[in-house]
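Let chain A serve as the given structure and place chain B on it in line with the hints.
Protein chains: 2
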Amino acid sequence: MRDEKTMKSERIYEGKVINLRVDTVELPDRKYSKREIVEHSGAVAIVAVNQEGKIILIKQFRKPVEEVLLEIPAGRIEPKEDPQDTALRELEEETGFKANKIVKLVEYYSTPGFSNEVLHIYLATELTTGIAKPDEDEYIETFPMTLEVAMEKIKSGEIKDSKAIIGILMYYKYYASI
Amino acid sequence: MRDEKTMKSERIYEGKVINLRVDTVELPDRKYSKREIVEHSGAVAIVAVNQEGKIILIKQFRKPVEEVLLEIPAGRIEPKEDPQDTALRELEEETGFKANKIVKLVEYYSTPGFSNEVLHIYLATELTTGIAKPDEDEYIETFPMTLEVAMEKIKSGEIKDSKAIIGILMYYKYYASI
Chain A
8 MRDEKTMKSE RIYEGKVINL RVDTVELPDR KYSKREIVEH SGAVAIVAVN
58 QEGKIILIKQ FRKPVEEVLL EIPAGRIEPK EDPQDTALRE LEEETGFKAN
108 KIVKLVEYYS TPGFSNEVLH IYLATELTTG IAKPDEDEYI ETFPMTLEVA
158 MEKIKSGEIK DSKAIIGILM YYKYYASI
Chain B
8 MRDEKTMKSE RIYEGKVINL RVDTVELPDR KYSKREIVEH SGAVAIVAVN
58 QEGKIILIKQ FRKPVEEVLL EIPAGRIEPK EDPQDTALRE LEEETGFKAN
108 KIVKLVEYYS TPGFSNEVLH IYLATELTTG IAKPDEDEYI ETFPMTLEVA
158 MEKIKSGEIK DSKAIIGILM YYKYYASI
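Going down the list, the sequences are from chains A and B.
Start counting the first sequence at 8; every next residue gets the next number (the numbering used here).
Start counting the second sequence at 8; every next residue gets the next number (the numbering used here).
Looking at chain A on its own, in the form it has when it is part of the complex:
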């Protein structure tokens, strides 16, 4: 399968979280088409499981969808930061928990049709309590939940954030059954 050669690349916007560019590409049949591309530096999300075996969910208002969503802790990777360090940092900032054990669950593209964002999901266990320090524009509440309840909330549609769904389902599939 042939790729799409970039004939022109126009930068539309450079922002805080994302940039936008529009590429003109040459298709295999030599025709041209436009590709709108949202650039993102990548992010991590964390399935954090406490001593009672409960997953730490958080609630956060999300402006793009104008809703408070039930999610797992997450955050953007800083320049040159190792994603695993981002995961440990964001978990503590958002929830106050430090993890003494962390393993990678999965890595994927969130929306490869229009963005290059990569998501790295980690499983964090052996938690100890630290102090939450959310970013100044973040307002976060935490909700520990059994895997069974979290799975029910995916089925019912109450959990509707893709990274929470993937993190919980991967934890269910590969770890809960061990």
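In short, the hints are calculated from the structure, not lab data.
Be a bit skeptical, because a hint or two may be false.
[Said to hold, decoys possible] Restraint ranges, calculated between C-beta atoms of paired labels, are given here: (1) Asn107(B) / Ser16(A): 42 to 50 angstroms; (2) Ser48(A) / Asp142(B): 29 to 37 angstroms; (3) Pro141(B) / Thr149(A): 40 to 48 angstroms.
Beta carbons: idealized from backbone N, C-alpha and C, even for Gly.
Relative to chain A, chain B alone:
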């Protein structure tokens, strides 16, 4: 939990697949912050299972990530189109298969941190063969795969598209065990 009041909304770009706007919001502490929002009309994806019990995966070059990805069939919802009709239409356009049975698996936000895109995933079964009619800028190959192999490819990282991961895991969890 209080929401974020929009104080100003600036339209940056209006495109083919996405629009971009930047909202200035008032936070609960009365401070202002910016929210970059990628507007998208929503999409569907389809876990299509053939008579042999194999899931129809497709390969498609994705410019934003400069890679050929293993995905499930998917497409954008047209204005006023019912998502289930989109699913049936896209399945046939991209793979040539008509589905005589279709049920909703899950509905979620792909990246609620910076976009309002909603994804509706359907399970399509009782397939019959029609004629593929991809869009003129789409080049698609199909790969039927057992659920077991697809699950392996999620674990190994060969399948790294979020909608394929969620669709396959939801099919595994709620239907394969029936």
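Hints, one by one, checked against the model:
1. Asn107(B) / Ser16(A): 42 to 50 angstroms: This hint holds: roughly 44 angstroms between Cβ atoms.
2. Ser48(A) / Asp142(B): 29 to 37 angstroms: holds (30 angstroms)
3. Pro141(B) / Thr149(A): 40 to 48 angstroms: About 45 angstroms separates the Cβ atoms of Pro141(B) and Thr149(A), which means 40 to 48 angstroms holds.
In summary, the structure agrees with every hint in the numbered list given earlier.
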